[in-house]
Each structure stands twice: as structure tokens, then as C-alpha cells.
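Since the structure of chain A is provided, determine the placement of chain B on it from the hints.
One line per chain: the protein sequences are A and B, in this order.
This note's numbering puts the first sequence at residues 519 to 624.
This note's numbering puts the second sequence at residues 1058 to 1312.
Hints may contain errors.
[What the hints assert, rightly or not] Covered stretches of chain A, going by a simulated chain B footprint (3 or more residues, C-beta under 8 Å):
id: 1; stretch: 584-591
id: 2; stretch: 615-622
[Said to hold, decoys possible] Taking lysine to aspartate or glutamate and the DMTMM-like style, the derived pairs with C-alpha atoms no more than 20 Å apart in a straight line are:
id: 3; chain 1: B; residue 1: 1113; chain 2: B; residue 2: 1164
id: 4; chain 1: A; residue 1: 539; chain 2: B; residue 2: 1092
id: 5; chain 1: A; residue 1: 599; chain 2: A; residue 2: 575
id: 6; chain 1: A; residue 1: 539; chain 2: B; residue 2: 1099
id: 7; chain 1: B; residue 1: 1161; chain 2: B; residue 2: 1199
[Said to hold, decoys possible] Example chain B residues on the side facing chain A (calculated, C-beta under 8 Å, incomplete):
id: 8; residue: 1101
id: 9; residue: 1106
id: 10; residue: 1162
id: 11; residue: 1286
In short, the hints are calculated from the structure, not lab data.
We put the CB at the ideal spot given by N, CA and C, even for glycine.
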Amino acid sequence: MSRALISIPASVSAGEIFEVKVLIAHPMETGFRTGASGRILERDIITDFSCLFENEEVFRAQFSPAIAANPFISFSMRVKKPGTFRFQWRGDHGFEADEERQVELK
Amino acid sequence: MRAAVSLAMSLAFQLAVSPAVCGDRVPGSGFMGLELQAMQADPSSNPASLWVADGKTLWNTAAGIRQKSCADCHGDAAVSMRGVAARYPSPVKGTVRIISLHQKITECQTFRQRASPSEPENHDGLALETYVGVQSSGMPIEPPHGVAMDRAIATGRRIYFQRQGQLNLSCAQCHDQRAGQHLGGAIIPQAHPTGYPIYRLEWQTVGSLQRRLRGCISGVRAQPPPFDAPSLINLEVYLMYRARGMLLDTPAVRP
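If we strip away everything but chain A, and leave its shape as in the complex, we get (with noise of 0.2 Å):
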């Protein structure tokens, strides 16, 4: 089961700049920590995200180990008509989430 916030308002104006705000449960263990056995953890982290508008990429991020759990992503948008933004993450172990949100003109 995947889990995610995702913050956008749903109407905006053509060209008004808002933000966009992620958020996803994801563990993001490192690679590198060892377990209650010692044994070294195997790394288990999100490995992209990438952000669609019609289809049209709009954002798109790579992450690394370093990258703390749960990991939350900003960034700023701008739309001159409706539609939809897709939200993907994909990951180690085969690791894949997909949302979406509308988003209206006001």
C-alpha cells in the first residue's frame, strides 16, 4: 500500500504561479545502516519522481540514498487551461505509485 498527500488547490487562474506539494510514506532506507542482526540493511529508496500535466512532463527528480524517509517535494506551476497532473514514484524492490488531482480554472 502506498500512501501520499498531495497539496495543490483545486482552481486557479490561467498563468497564476501556486505550489505543489508531495508527500509519500516510503522508508528511503539507505543502503548503508546495519540491522538489529548487524547485517547490513538492503537499500530500499524511491528512485524518481516525475510529475505530468496532459501528459506532458512538467517536474521530474532523481533521488538519492541521502534523501530522508518520507520524502516531500515543493515545486511551483503554472497552467493556462484545466486538466490533470499525474504524480508517479518509482523505486527499488519494483517500488511504484501513481496519483492524480484536477485542477480547474477559476
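Frame of chain A; chain B shown alone:
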């Protein structure tokens, strides 16, 4: 030159006895930078919101042999749980036994739902506790009264001032006498448990007050008591009594 040095020293002295460490009570958030305070204040950037959301789901999910949800008995948490976290730990009705909010939740799971109780620091248990805690956010801490509470407060206070561990330190030596100063890179807060369960950046997860207390106890190289041990409950009672009247800010973010 000597005048400049003495001026600098007197300034440093004045900073060391600023109001924050002179009897005025300051919650942990008061020792944090503006960025962390903003992270806590905005639910969309506060990672504990994930636990709140999970807690809300669990609140409404049937569990155990009886297939009952919390909501089946308690209804809307925003109504029935408002102010509850501000009163815990509390005596069990009609007895002198004092239990934490976590224990209260596990009692409900065991006897009302006939489900297996959440282990300490289990994700679902913390999620429920955080969800219950959020309902009292902004309310003043109001410990109940009574003989049992008075006794627990007295025992808790004794533990708070008791030197322990190989470092031979009491809670009070850091959190009363050196609050606002540094322990390594971290600022020592006044130990008012206003925001538990907290999202602690060092833990990278949500954790309970007892986890925090056990961390401090092993930090002074003493043997931490097991979760829900009477000494931890008594210490919890004393800290809540010490913070009475302060406003809850669950789910808090702490460094």
C-alpha cells in the same frame, strides 16, 4: 580590552538566563527554527499527517473477533475524542491503576474488539494514538485529580530529579538547569510533552513519549525500563502535570 571581554561575558550570561530558562515554560517547538515550525504547522508538509490519515482509516475499520470498529462505539472521533489526549495518563475508572493513552487503546482492542493489542511503537497503534491525539490539538493539558494521580506525580517527580546511569545525570540537570543550551548540536528543550506522538526527524518516523524517555535514559547510560513499566508511566504523569495548562500541538515535528 578587558572591558570588552567583561561586556561579552555579561552578555553571554544574560543570554544564558533568558526568560525561556527562567521559569517560563516553552514547548519543544519554541526551541525549533522557523522552517521546522512551518513544517509542523502545515498538514501538507508535516509527515505525521500520514499517520493521522492511517489512524482515521483504522478508526473506521472493523477489527477483532467482534468485528467492531472504534467508530461503532465512539462515533465521530472529532466529538468523542476531543480533550481525551489532554487527560492521559489517567486512572482506570474505579481503580488506582494509571494507564497511558497507548494502554487505553490496547485495552479497547483486547476487551471490546477482541483483537490482538498493538505492540508498543507498532505503526497502526501509533497511527490510532496520533489520530486520537490530533482531536485535542490546541487544548490545554489537564491531568485528572485524585489520590492515585498525586502518588504517581510524587513518584514521577522523584524519578525526574534522581541521578541515574553511568553519566550520573538526572532529567532535571539537563531539562531544568540547562534547557536552551546545547547537547552536541541539539538544543535541550524543557521537556514538556505537548506534541506526542511526535514525528522526530532523527527517527524518521512517528514515535511515542515512552520511546523518547527510553532514548534519554539509555543516553545517560542507564538501563531503560520496558515499555509501559510503572516508572515510565509515573514519569509520563509527572511530565504532563508539569506541563499542565500548556497547549497540545499533536502531531508535532521535532528535530
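Results for each hint:
1. Counting residues of the stretch 584-591 of chain A whose CB lies closer than 8 Å to any CB of chain B gives 4, so the stated coverage by that chain holds, three being the minimum.
2. Coverage of the stretch 615-622 of chain A by chain B is violated. Counting CB-CB distances below 8 Å, 0 residues qualify, and the rule asks for three or more.
3. For the hint pairing residue 1113 (chain B) with residue 1164 (chain B), the CA-to-CA distance comes to about 19 Å; that is within 20 Å, so the pair holds.
4. At most 20 Å may separate the alpha-carbon atoms for a hinted pair to count; residue 539 (chain A) and residue 1092 (chain B) meet this at roughly 15 Å.
5. The hinted pair formed by residue 599 (chain A) and residue 575 (chain A) meets the criterion: a straight-line CA distance of about 15 Å does not exceed 20 Å.
6. Of the pairs offered as hints, the one joining residue 539 (chain A) and residue 1099 (chain B) holds, with about 11 Å between alpha carbons and a cut-off of 20 Å not exceeded.
7. A hinted pair counts as satisfied when its Cα atoms are at most 20 Å apart, and residue 1161 (chain B) with residue 1199 (chain B) qualifies at roughly 17 Å.
8. For residue 1101 (chain B), the shortest C-beta to C-beta distance to chain A is roughly 3 Å, which falls under 8 Å, so the interface hint holds.
9. This hint holds: residue 1106 (chain B) has a C-beta 6 Å from the nearest C-beta of chain A, less than the 8 Å allowed.
10. With 8 Å as the threshold, the beta carbon of residue 1162 (chain B) stays out of range of chain A, its nearest partner Cβ sitting at about 21 Å, so the hint is violated.
11. Contact between residue 1286 (chain B) and chain A, as hinted, is not supported at the beta carbon level, the nearest pair being about 21 Å apart and thus beyond 8 Å.
Going through the hint list in order, the structure does not satisfy hints 2, 10, 11.
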